Amino acid sequence: MIKLLPQNVKTLHMFPNKQNTHVIDLAKKLGFHNHGGHTILMFSNKYIGMPTNELAIELSQEYFQDFVNLHDTVFPNAYYKGKQIIRRLNKHRKVFIIKENSSLCGYIYAEAEPDVSLSNIEFLAVDESQRRKGIASRLLSIALKWLFSFDTINSITLCVNLKNDKAIKLYTNF
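For what it's worth, the working numbering labels the leading residue of the sequence shown as 27, then goes sequentially.
Hints are computed from structural coordinates only; laboratory data are not their basis.
Here the structure is a predicted model, which means the values were calculated and not measured.
Incorrect hints may have been included.
Below 25 Å or equal to it, Euclidean Cα-Cα: the simulated PhoX-like pairs (lysine-lysine) are [said to hold, decoys possible]: (1) K117 - K171; (2) K44 - K55; (3) K125 - K109; (4) K159 - K192; (5) K109 - K120; (6) K107 - K117; (7) K171 - K120; (8) K120 - K54; (9) K171 - K159; (10) K107 - K125; (11) K125 - K195; (12) K120 - K159; (13) K189 - K54; (14) K125 - K192; (15) K125 - K159; (16) K107 - K189; (17) K44 - K54; (18) K120 - K195; (19) K195 - K159; (20) K107 - K120; (21) K117 - K159; (22) K171 - K192; (23) K195 - K171; (24) K159 - K44; (25) K44 - K171; (26) K107 - K192; (27) K125 - K54.
Turn these sequences into a full structure, and let the hints steer you where they fit.
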């Protein structure tokens, strides 16, 4: 199959629903490898009124390299590298950060598609030295507040690796 793709495409990934046995069988037949399961979580617009005093700080050029380093360390095999995310930023794709003493503590990358009522939280990472301080919850609050500021967005989805117990706990307890 890879021979049919443009020369610059080096890898393919599939993300079928576990109930889609036809696609799963096709993936096996074509030699795809299963890298584990994921769960899809959703936030509803009941979070619109969620109080947050947190100041939403968007990623600025000053923190680009710190962001790239953190993202590419935490998500080394992600579908977007840190530099790709920076190139994607616009009014509907934002990275919010929390900093302390001019150091990047963590970030969250969210995308909104208000024209089709879709939104996603794509990545959330906190520097290892800053974990267990509530930074992930603060970042999540900021992103939810921004995403639900669009009138057409009533729910937000995110995909989490089933092995990432800490992330699942954060999102389900939020």
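Taking the hints in turn, this is what the structure says about them:
1. With a C-alpha separation of about 15 Å, the suggested pair K117 and K171 falls inside the 25 Å cut-off, and the hint holds.
2. Proposed proximity of K44 and K55 is supported: the alpha carbons are some 16 Å apart, at most 25 Å.
3. A threshold of 25 Å between alpha carbons decides the hint, and for K125 with K109 the separation of about 19 Å falls inside it, so the pair holds.
4. With a CA separation close to 14 Å, the supplied pair K159 and K192 stays within the 25 Å bound.
5. Pair hint K109 plus K120 holds up; C-alpha atoms about 13 Å apart against a cutoff of 25 Å.
6. In summary, the hint linking K107 to K117 is supported, as the alpha carbons are separated by about 20 Å, within the 25 Å threshold.
7. For the hint linking K171 to K120, the alpha-carbon distance of about 13 Å falls within 25 Å, and the restraint holds.
8. Taken as a hint, the K120 and K54 pair is broken in the structure, with Cα atoms around 36 Å apart against an allowance of 25 Å.
9. The straight-line distance between the Cα atoms of K171 and K159 is roughly 20 Å, inside the 25 Å bound, and the hint therefore holds.
10. At roughly 21 Å between alpha-carbon atoms, K107 and K125 fall within 25 Å of each other, so this suggested pair holds.
11. For the hint pairing K125 with K195, the CA-to-CA distance comes to about 24 Å; that is within 25 Å, so the pair holds.
12. With a C-alpha separation of about 23 Å, the suggested pair K120 and K159 falls inside the 25 Å cut-off, and the hint holds.
13. Between K189 and K54 the CA atoms are separated by roughly 22 Å; this keeps the pair inside 25 Å, and the hint holds.
14. For the given pair, K125 sits about 22 Å from K192 by alpha-carbon distance, which is consistent with the 25 Å threshold.
15. In summary, the hint linking K125 to K159 is supported, as the alpha carbons are separated by about 13 Å, within the 25 Å threshold.
16. For the given pair, K107 sits about 21 Å from K189 by alpha-carbon distance, which is consistent with the 25 Å threshold.
17. Note on K44 and K54: the hinted pairing holds, with a Cα-Cα distance of about 13 Å set against a maximum of 25 Å.
18. Our distance criterion of 25 Å between C-alpha atoms is met by K120 and K195, whose separation comes to about 24 Å.
19. Using a Cα cut-off of 25 Å, the hinted pair K195 and K159 holds, with the two alpha carbons roughly 15 Å apart.
20. Under the criterion of a C-alpha separation no larger than 25 Å, the hint pairing K107 with K120 is consistent with the structure, at around 15 Å.
21. A C-alpha spacing of about 29 Å is found between K117 and K159, which places the hinted pair above 25 Å, so the restraint is violated.
22. Between the alpha carbons of K171 and K192 the distance comes to roughly 22 Å, so the proposed pair stays at or under 25 Å and holds.
23. Distance hint between K195 and K171 is fulfilled; the C-alpha atoms sit about 20 Å from each other, no more than 25 Å.
24. Pair hint K159 plus K44 does not hold up; C-alpha atoms about 35 Å apart against a cutoff of 25 Å.
25. As the CA atoms of K44 and K171 are separated by approximately 31 Å, the hinted pair breaks the 25 Å bound.
26. Restraint check for K107 and K192: satisfied, since their Cα atoms lie roughly 22 Å apart, inside the 25 Å limit.
27. The suggested pairing of K125 with K54 is violated, with an alpha-carbon distance near 44 Å, which exceeds 25 Å.
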